[in-house]
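In order, the protein sequence lines correspond to chains R and V. Be aware that the first sequence starts at 1, since it is given in the numbering used here, and climbs by one per residue. Be aware that the second sequence starts at 133, since it is given in the numbering used here, and climbs by one per residue.
Treat the hints with care, since some could be wrong.
[Unchecked claim] Below, a list of computed lysine to aspartate or glutamate pairs in the DMTMM-like style, where the Cα atoms sit at most 25 Å apart:
(1) Lys27/R to Asp645/V
(2) Lys68/R to Asp645/V
(3) Lys27/R to Asp648/V
(4) Lys674/V to Asp25/R
(5) Lys814/V to Glu839/V
[Said to hold, decoys possible] For each label pair, taking beta carbons as the anchor points, the in silico distance ranges come out as:
(6) Gly588/V to Pro28/R: 48 to 54 Å
(7) Arg434/V to Arg66/R: 38 to 44 Å
(8) Pro28/R to Gln421/V: 25 to 31 Å
Calculated from the structure, these hints are not laboratory results. Every residue gets a Cβ at the ideal spot worked out from N, C-alpha and C, and that includes glycine.
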Amino acid sequence: MMSSENDQFRTTSESVALDTAHILDGKPLNGGPLSEFILDSFHFFNVAYSASEPLAEYLLAGLCYRRKTDSLIVSTLHAIYSAPTGWGGNETLGAAIMVRFALVFCVPLDFSGLTLVFTFYEGAESPCGYAR
Amino acid sequence: MPCFAVTQTNREEKMLNIDCQIRGKTDIHEALATMTEVEIMEGNNKVFCDRCKKNTDTVLRTAISMLPNMLILSLKRFDLDFNTFETVKLNSRCAFGQTLNMKRYTLEGLEAMEQSGGDNSDENGVSPMDTNGGGVAAIADPLSKLPDDEYEYKLAGVLVHAGVAQGGHYYSFIKDRSPSSEDQWYRFDDEDVTPFDPALIEVECFGGKVKKETKWPNGQVHTVESEQYANALMLFYEKVKQTGVTEQDPEKAKEEAKNRPVLKPEDASSGYDVFQPDVRRSNATHRWQTFLFDPEFHTFLRGLQGMCTMPNPDDPTTPPRVLASSEGPCKASVIQMLMSFFFDIMLYASNRPFLNDWVGMIEDLFSKDRHSATAFVYRLAAKTAEVSPNWLRTYLLDCPDSAARNAAIRIFTAALQSCIASEDERRKLASWSQAFTDELSRFGNCPPTVLPTTLGVDFRHLEDPQGFGASATSIGRIISALNVLIEAIPRAWRYNPELGCLVRNMARVDPRDGGDVLRIAMCQAMMPARLSALVAREQSNKVVSAAFPGASVSAEVAETQMRPESNPVAHVMPIGGNHVMTPNDMNTRGNGTPSPSEYLSIFEAIGSLANVYGVAQVPLVVETEETTRSRARYNLSKPAIAALTTIFQESCAPQGPGMGQREIEMYLSKCGVDSATVPTQKILDIMAKYPSTGGNGGSKGNYLSLEGFLAYYKETVQSNESRVCLAGVILVQCLPLLTHFVLSSLYRSGWIYIYLALGPTLRDARVIR
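The shape of chain R in the complex, shown without the other chains:
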């Protein structure tokens, strides 16, 4: 049924994060041995972002869910640092913003020192992040 007029529309990243959490239903994604290392490569998500932004967001959300993502954050920051200025760096920055900001701050996270852990709170009605 139609949602009420007072409903606030969520952002894309929020929607993707919630959607993925619903699909995975509390369990981290099981892609088999070594699949956790996919998260270590910002380049992987950079290419995915260039191929299809929505698909990249879903993949990222799925792979981040209940997984440690500190190495991805570090490699993303490194990519931002070494991205060329001007047009040349736009694509990298776009992907980095998706990884670093959009999904990081949409997916509820457990911030501990330099380690970022993405977790969903069971029963959370809306995704939110907090720093500890």
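Chain V: place on chain R using the hints.
Then chain V, alone, in the frame of chain R:
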């Protein structure tokens, strides 16, 4: 003191062919005339005179002293660009005729012209290209006293080069000169020999520029001028009046024969004997191919295939009639033969008018008959032990034809889908998955070492083709083969985005039909990690790089290791017709790095393997055969209708039979359209125009019905802009959480991701709030 004794010295050189400089020349006569131009050797270039014993001013000239029976003219199209010092190809127009008179380029001809006080220019106004005679002017031609037939040639063949200086393709047009023929011309292009109309020689061989006109439906004509990259490189002219041994002076011939060294019998061979076995083999191949690619034969096989899928007239629910168990041996043989024909012959044909029919029928057959599908999967898996007959390798790694690859993928998917539905196959595959896990456990956690692609010796029996009927799993073997191919892919990248499609299709098999078992097996075989290595290449995590060295090799290194048969240059030139090359055609080297869009199927495969099943890519619209004012008409695809139906149901008024005015306003607001900009009258017009419901006895209702909603979209998708908007609408509405998408970035060539609504199956569609 000048040398007053005018002397003439001739120095003869044998030439295999005559090189013709064509830069700045419009036809072959201009090029030949350049060859015979006189050159004054004076100053530092004076030539030593034997009579005067000193260097003297000299006139140097090249002329032909004796004409061969077969005259070969080589057009110098490859030249050095002095600005870049790179070899370039001259594609300028150089005309040549069906006949060629060489009189004016021979020693006799030049002397005759000199004696008459003329030069070798066309001062009498008769163009050498004019083969119809010179009329009155020809009477004064000093060359007329020389007999024409001694110098007359007819065009016998043209060697064409299509491409650029750095690469291209050679083929020939050759006239059949056998006595019984009627001057029929043929095109010889690798193994293809096809009749050729000599009237097209100008278009196909002269070079130059060609204008192509495109007429738009609004009447506007767009003209593009482009160079013809296919043009003649060598011309073969045959002498009309052949000079041979028989025409020699008999006494002289005898004398020559005496002085000739005695040859051994093998030395006296004409060379024909050497080629005879090859010719026989080629002829036999040609006969076979003529038979195998004969349309009638294809029709016969299609009929046979149709019989295989025909329902049993007695009981339509049982397997097709020909495939009934009572006809088992026949069934197996027919299906096996049809599959061999399809994969080994039909997919190699250049003309495949019924390819879609074939694929559709085979898919239908496999979906209805699991035994046939299983037999095919067994065979497909068994073939992975070989190299050349390996269909997986051929169509996922080597085949340069995307239509053939796609057809193969569809059939592989259908067969695997049907096969995994078998309880027995699921059980065997589960054992195989466990074995793969055990195999990997030997390497410990996160090992920086190469990981296996197939099961080791201890578990090899689980994927041994000999045991497919017992404990071994054919699907497990296929997964192992895919692992091997992923390791080899970077060296043949251009031809295999379909490998990602096959993995994606396998990962999307319905869990109720064994999809979960298949997905787990592929994950245990580390397919997601392997595919990620393929994307990230040398920038993969070091553990992944070490585990999959082949998949993670950098694009630059992979390019240097490309196998010759997978060289992208090999297939860029089309077989037929002169072709305007695109930058992609020419820029075939140095582009080993795939573009991100080429990875799309890989990402979909990873997403599907990871159970993030909102990554289905489906067409929203399908083009119909109908046209309106020369424009194609579109229909909504089934997934689009399903998605729009969900949207409609979500947007209906509470307890209402459809969408009222208020709901339409809210709907537009959700779609990103500001309801303030949409006049109420427009909404009323929509409700009036399209089927509605819920009226109070009147002809029109107050609510837009589902039929009306779909009819509205069916009409609006006829324009491209609307199709883009529709894509956005479906996306936003299928997942109402996604409300702020930038529509333009989502629409890619008529395809769009419909999230969630397409879950594992459509009936699982749901909306999360």
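Taking the hints in turn, this is what the structure says about them:
Under the criterion of a C-alpha separation no larger than 25 Å, the hint pairing lysine 27/R with aspartate 645/V is consistent with the structure, at around 23 Å. A hinted pair counts as satisfied when its Cα atoms are at most 25 Å apart, and lysine 68/R with aspartate 645/V does not qualify at roughly 34 Å. Taking the CA atoms of lysine 27/R and aspartate 648/V, the gap is near 16 Å; set against the 25 Å cutoff, the hint holds. This hinted pair does not check out: lysine 674/V and aspartate 25/R have alpha carbons roughly 31 Å apart, beyond 25 Å.
The hinted pair formed by lysine 814/V and glutamate 839/V meets the criterion: a straight-line CA distance of about 19 Å does not exceed 25 Å. Hint check: glycine 588/V to proline 28/R, Cβ distance near 29 Å, so the stated range 48 to 54 Å is violated. For the pair arginine 434/V and arginine 66/R, the supplied restraint of 38 to 44 Å is violated, since their beta-carbon distance comes to about 53 Å. One distance hint, 25 to 31 Å for the beta-carbon pair proline 28/R and glutamine 421/V, is violated here, with the actual separation near 56 Å.
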